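*Asks:* Residue-level listing of the chains:
There are 4 protein chains.
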Amino acid sequence: MNILFIGDLIGRAGRKVVSALLDSIKYEYGIDLVIANGENSAGGFGINEKIYKELRNKGIDIITTGNHIWDKKETANQLDEMEYLIRPANYPEGVPGAGFITVTVGDMEITVINLMGRVFMPLSDCPFRVFDEIYDKVSKTVVLVDFHAEATSEKNAFGLYVDGRAAAVIGTHTHVQTNDDRLLPKGTFYISDVGMCGALDSVIGMEKNAPINRFLTGIPSKFEVEKKGKMVFNAVVFYIDKDTKKVRDFKKIFKVIEG
Amino acid sequence: MNILFIGDLIGRAGRKVVSALLDSIKYEYGIDLVIANGENSAGGFGINEKIYKELRNKGIDIITTGNHIWDKKETANQLDEMEYLIRPANYPEGVPGAGFITVTVGDMEITVINLMGRVFMPLSDCPFRVFDEIYDKVSKTVVLVDFHAEATSEKNAFGLYVDGRAAAVIGTHTHVQTNDDRLLPKGTFYISDVGMCGALDSVIGMEKNAPINRFLTGIPSKFEVEKKGKMVFNAVVFYIDKDTKKVRDFKKIFKVIEG
Amino acid sequence: MNILFIGDLIGRAGRKVVSALLDSIKYEYGIDLVIANGENSAGGFGINEKIYKELRNKGIDIITTGNHIWDKKETANQLDEMEYLIRPANYPEGVPGAGFITVTVGDMEITVINLMGRVFMPLSDCPFRVFDEIYDKVSKTVVLVDFHAEATSEKNAFGLYVDGRAAAVIGTHTHVQTNDDRLLPKGTFYISDVGMCGALDSVIGMEKNAPINRFLTGIPSKFEVEKKGKMVFNAVVFYIDKDTKKVRDFKKIFKVIEG
Amino acid sequence: MNILFIGDLIGRAGRKVVSALLDSIKYEYGIDLVIANGENSAGGFGINEKIYKELRNKGIDIITTGNHIWDKKETANQLDEMEYLIRPANYPEGVPGAGFITVTVGDMEITVINLMGRVFMPLSDCPFRVFDEIYDKVSKTVVLVDFHAEATSEKNAFGLYVDGRAAAVIGTHTHVQTNDDRLLPKGTFYISDVGMCGALDSVIGMEKNAPINRFLTGIPSKFEVEKKGKMVFNAVVFYIDKDTKKVRDFKKIFKVIEG
Ligand SMILES: [Fe+2]
Ligand SMILES: [Fe+2]
Ligand SMILES: [Fe+2]
Ligand SMILES: [Fe+2]
Ligand SMILES: [Fe+2]
Ligand SMILES: [Fe+2]
Ligand SMILES: [Fe+2]
Ligand SMILES: [Fe+2]
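Residue numbers (our numbering), protein chains in the order written: chain S, 1 to 259; chain W, 260 to 518; chain X, 519 to 777; chain Z, 778 to 1036.
Careful: at least some of the hints might be erroneous.
Computed Cβ-Cβ distance ranges for the label pairs, DEER-style [stated by the list, open to error]:
no.: 1; chain 1: S; residue 1: P96; chain 2: W; residue 2: T503; range: 52 to 62 angstroms
no.: 2; chain 1: Z; residue 1: V896; chain 2: X; residue 2: V774; range: 22 to 32 angstroms
no.: 3; chain 1: Z; residue 1: V896; chain 2: W; residue 2: A279; range: 35 to 45 angstroms
no.: 4; chain 1: S; residue 1: K137; chain 2: Z; residue 2: N990; range: 26 to 36 angstroms
no.: 5; chain 1: S; residue 1: P122; chain 2: W; residue 2: T503; range: 37 to 47 angstroms
no.: 6; chain 1: X; residue 1: E599; chain 2: S; residue 2: R129; range: 22 to 32 angstroms
no.: 7; chain 1: S; residue 1: P122; chain 2: W; residue 2: K332; range: 28 to 38 angstroms
no.: 8; chain 1: S; residue 1: N209; chain 2: Z; residue 2: D913; range: 32 to 42 angstroms
no.: 9; chain 1: S; residue 1: R129; chain 2: Z; residue 2: E910; range: 28 to 38 angstroms
Below, a list of computed lysine to aspartate or glutamate pairs in the EDC-like style, where the Cα atoms sit at most 16 angstroms apart [to be verified]:
no.: 10; chain 1: Z; residue 1: K1007; chain 2: X; residue 2: D699
no.: 11; chain 1: Z; residue 1: K985; chain 2: X; residue 2: D681
no.: 12; chain 1: X; residue 1: K746; chain 2: X; residue 2: E725
no.: 13; chain 1: Z; residue 1: K999; chain 2: S; residue 2: D71
no.: 14; chain 1: W; residue 1: K514; chain 2: S; residue 2: D181
no.: 15; chain 1: W; residue 1: K489; chain 2: S; residue 2: D181
no.: 16; chain 1: W; residue 1: K309; chain 2: W; residue 2: D339
no.: 17; chain 1: W; residue 1: K510; chain 2: W; residue 2: D440
no.: 18; chain 1: W; residue 1: K467; chain 2: S; residue 2: D163
no.: 19; chain 1: X; residue 1: K726; chain 2: Z; residue 2: D940
no.: 20; chain 1: S; residue 1: K230; chain 2: W; residue 2: D339
no.: 21; chain 1: S; residue 1: K222; chain 2: Z; residue 2: D958
no.: 22; chain 1: Z; residue 1: K999; chain 2: S; residue 2: E74
no.: 23; chain 1: S; residue 1: K255; chain 2: W; residue 2: D440
no.: 24; chain 1: X; residue 1: K773; chain 2: Z; residue 2: D958
no.: 25; chain 1: W; residue 1: K309; chain 2: W; residue 2: E352
The set of hints was computed from the structure by calculation and includes no laboratory data. This one's a predicted model, so the numbers in the text were calculated from it and none came from an experiment. Where is the CB? At the ideal position from N, CA and C, for every residue including glycine.
Please take these sequences and the hints and turn them into a complete structure.
*Replies:* Written out as structure tokens, the structure is:
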């Protein structure tokens, strides 16, 4: 069972690079399931039904999100039409949408859990404890976690906390791929951040001048997705062993194409 | 001219892995200058004269730091004895210590500037503008920057802001090596974070149970450097062309040894 | 039933001003129950059994706390000896200590709940929902809340959220008394912050030079309780009507004595 | 010389309460100069030329602002038409607008400086040092400071830092009036926060349900100015002695009218 996890898709640029590369990567690695973080897929901020369907049509099976999930006003009302989209499970009780999803791929049951860190992030419930609660229900399936967080300390701590329980913990949110992909001591596949799909020479996917100006002046301005220049496709591919339900092989993908 | 930049050394574990690997790496790559971030080199928090001398004796030429520079009470009074140690240059005027240093290596003048980000970090002056001021004075030398910061947006923005002026921008502070090492459009060598030297299966170098417990309970407790298990040596090596004063070749190092 | 709620006691200065004024204030207002926030009562940081007993001997019946509750290492192990001390109830499950206490005063049952905000504060569970859970258990008693929080938006929102359920919401943590004491539309007595007991011309109770220097330089240093100069006693006194179980009269106290 | 300083005006509600009360308050106290913080005067977020003129027509002489100054896109281009509006002086060099203004009232020269704190606030330059620089230029005039900040520690520290130099330091930003108005040891009139003009039973001026819901769910939504219910007018009035150029008398105003 080969799984491809793609980092935060940044607006049109992110969708374009997926169009350009996904089919060939799926073919090359014999991918059985594609997961991608879509929290920035609509204009860099949020996601809606239209973009969701576009992503599904491109070959993405499950879409995770993060703190930007509610950026588009229409999203909350469209959740019923987005069956394979999940949002951080540690939003409080009563918040619409699902925080995890279990799918059957071949003869394997796979659960994808979306969680959000709390350090330097919006308010949410404890992701460690919410993992425990969900894990109790799905521990017989293969458990994959998109841990959407800022601080490396929280990401490291979460990985080690669920080590041996989750098959994989894939970090998202910083939009920069880390080089620490490995198996943790009890076998969980871990990477602090898988990175993004979008313009390479940008400020985490955005055209550079607006954010640079903001750092220089403190004056807010509209950030636009960078659509020119080199484009990066960031992902990890990993193989899950049928018998152990654990990751056996894994590989980071950092592919650059001309924009 | 080959330069080795080593990520944050985490206490005894970081110093040990440097002892084990530095000489052979210097030999292997023909290193002419060794820079390392030492803000966590004394018990995980700060640095002092004793540790500084130990690091210099191990073969580190220049020591940069960051937000942890003042963790040990004695540091401020020992600055005169630590000639090759710099602290973030964007601490306000009047703060002791130097924020950059120019050294002559062979026939090349090299300036190392230490700067600190402001997003999710302690208060400091604007690192973008402080770079401009220092650059005016040292623009004829080869300029290397240790940009010690948390947010990838600020790191990306800073790299693009100084692109073509600094020969290299090496990020530190997150203790996790990123996979985005590259030459920016105008030739600056850039990596968001070079990573650390310390225990691999840890919480950014610290024994995992105390930080995990803190995330679970909110109760603070003493964090200890993890001294057992696999140890990682994180660095980048890059070659500076004599004529262009720019980086021509570069390579991340992520070496693991048994603890 | 007259209740006196005293703001954060700042170390020796705070204890001293309580010694000087509490007895006469109790007499003047015919106080039946004294509550005080003690999170800074031991040297400005935390509380322990020794200080707890001193405060109880001075005539304080119930001691609430906040984010500084764990500053002294011994506190967690001494909780059994501090029967009338509570800590924020929205610390996660499993954390030692009680988050609320019900006492009988005359023929009235009074519950004091301690909660902590989350905006600009350490990680904790949602104080709004934790209030709901506790309120379900104690709604037949008179419910008083020490809402220990930084942001006025969160304090305002909490007050209006529990309006009509809690008899009183008294804010703490900023150490500055606010002038917005009033009855909310459904009858809850509310003040954003009751203030502190400690040195008036200080930085929230601390000697001014260390914090000013920190703002100027970014260099951390030890903060000491200010023990000289004018001392302020900040509190609110309110009368609870036996029949309605609501607050009928209330009054802020801002008394200054020579140090 | 009697000066009236009015706290943050919250949208239409704030303007309405000013219309209702300003003339009579000016008359009652014999006010010579009216200053108000207008950062929330346009729909709760920002200010523009239209609202500026409305406020001037109502009798406000000088308008200070804060972190919300740039919320309306048109503001930066309209600064030339808003001669008596200032923005925080510690925005970096090159940012449009003025950070202080000197006016002549009767035979007194009065400088109003606007500064913004940095704790829990957007990035800006050090307000302590920027005060020093401006003070050097205007020390012969009567210096008043609107210190727009969140943390009471930073407000206390700033007040004591400029004590004896500024005639008055009036805090803004939290929208809740504090009860600590007093003369500091060297004579500066100080209040941590003057409060706001807007709906009393609101979340710092906003209709309560949207912010309460956000605290409960983490889902962002549009905040609207509360326009119903009781309205509060928060201000301070102080008298400046001609000879000493210091504040001699002062008084908080907390006036409530039916909405
Ligand atoms: Fe993202
Ligand atoms: Fe995100
Ligand atoms: Fe570090
Ligand atoms: Fe650091
Ligand atoms: Fe306190
Ligand atoms: Fe506190
Ligand atoms: Fe405001
Ligand atoms: Fe503000």
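*Asks:* Each hint needs a verdict: does it hold in this structure or not?
*Replies:* Results of checking the hints against the structure:
no.: 1; hint: S:P96 x W:T503: 52 to 62 angstroms; result: holds, 56 angstroms
no.: 2; hint: Z:V896 x X:V774: 22 to 32 angstroms; result: holds, 27 angstroms
no.: 3; hint: Z:V896 x W:A279: 35 to 45 angstroms; result: holds, 43 angstroms
no.: 4; hint: S:K137 x Z:N990: 26 to 36 angstroms; result: holds, 28 angstroms
no.: 5; hint: S:P122 x W:T503: 37 to 47 angstroms; result: holds, 45 angstroms
no.: 6; hint: X:E599 x S:R129: 22 to 32 angstroms; result: holds, 30 angstroms
no.: 7; hint: S:P122 x W:K332: 28 to 38 angstroms; result: holds, 37 angstroms
no.: 8; hint: S:N209 x Z:D913: 32 to 42 angstroms; result: holds, 35 angstroms
no.: 9; hint: S:R129 x Z:E910: 28 to 38 angstroms; result: violated, 50 angstroms
no.: 10; hint: Z:K1007 x X:D699; result: holds, 15 angstroms
no.: 11; hint: Z:K985 x X:D681; result: holds, 12 angstroms
no.: 12; hint: X:K746 x X:E725; result: holds, 9 angstroms
no.: 13; hint: Z:K999 x S:D71; result: holds, 11 angstroms
no.: 14; hint: W:K514 x S:D181; result: holds, 13 angstroms
no.: 15; hint: W:K489 x S:D181; result: holds, 14 angstroms
no.: 16; hint: W:K309 x W:D339; result: holds, 13 angstroms
no.: 17; hint: W:K510 x W:D440; result: holds, 8 angstroms
no.: 18; hint: W:K467 x S:D163; result: holds, 12 angstroms
no.: 19; hint: X:K726 x Z:D940; result: holds, 12 angstroms
no.: 20; hint: S:K230 x W:D339; result: violated, 47 angstroms
no.: 21; hint: S:K222 x Z:D958; result: violated, 40 angstroms
no.: 22; hint: Z:K999 x S:E74; result: holds, 13 angstroms
no.: 23; hint: S:K255 x W:D440; result: holds, 13 angstroms
no.: 24; hint: X:K773 x Z:D958; result: holds, 13 angstroms
no.: 25; hint: W:K309 x W:E352; result: violated, 27 angstroms
The structure does not agree with the numbered hints 9, 20, 21, 25 stated previously, though it agrees with the rest.
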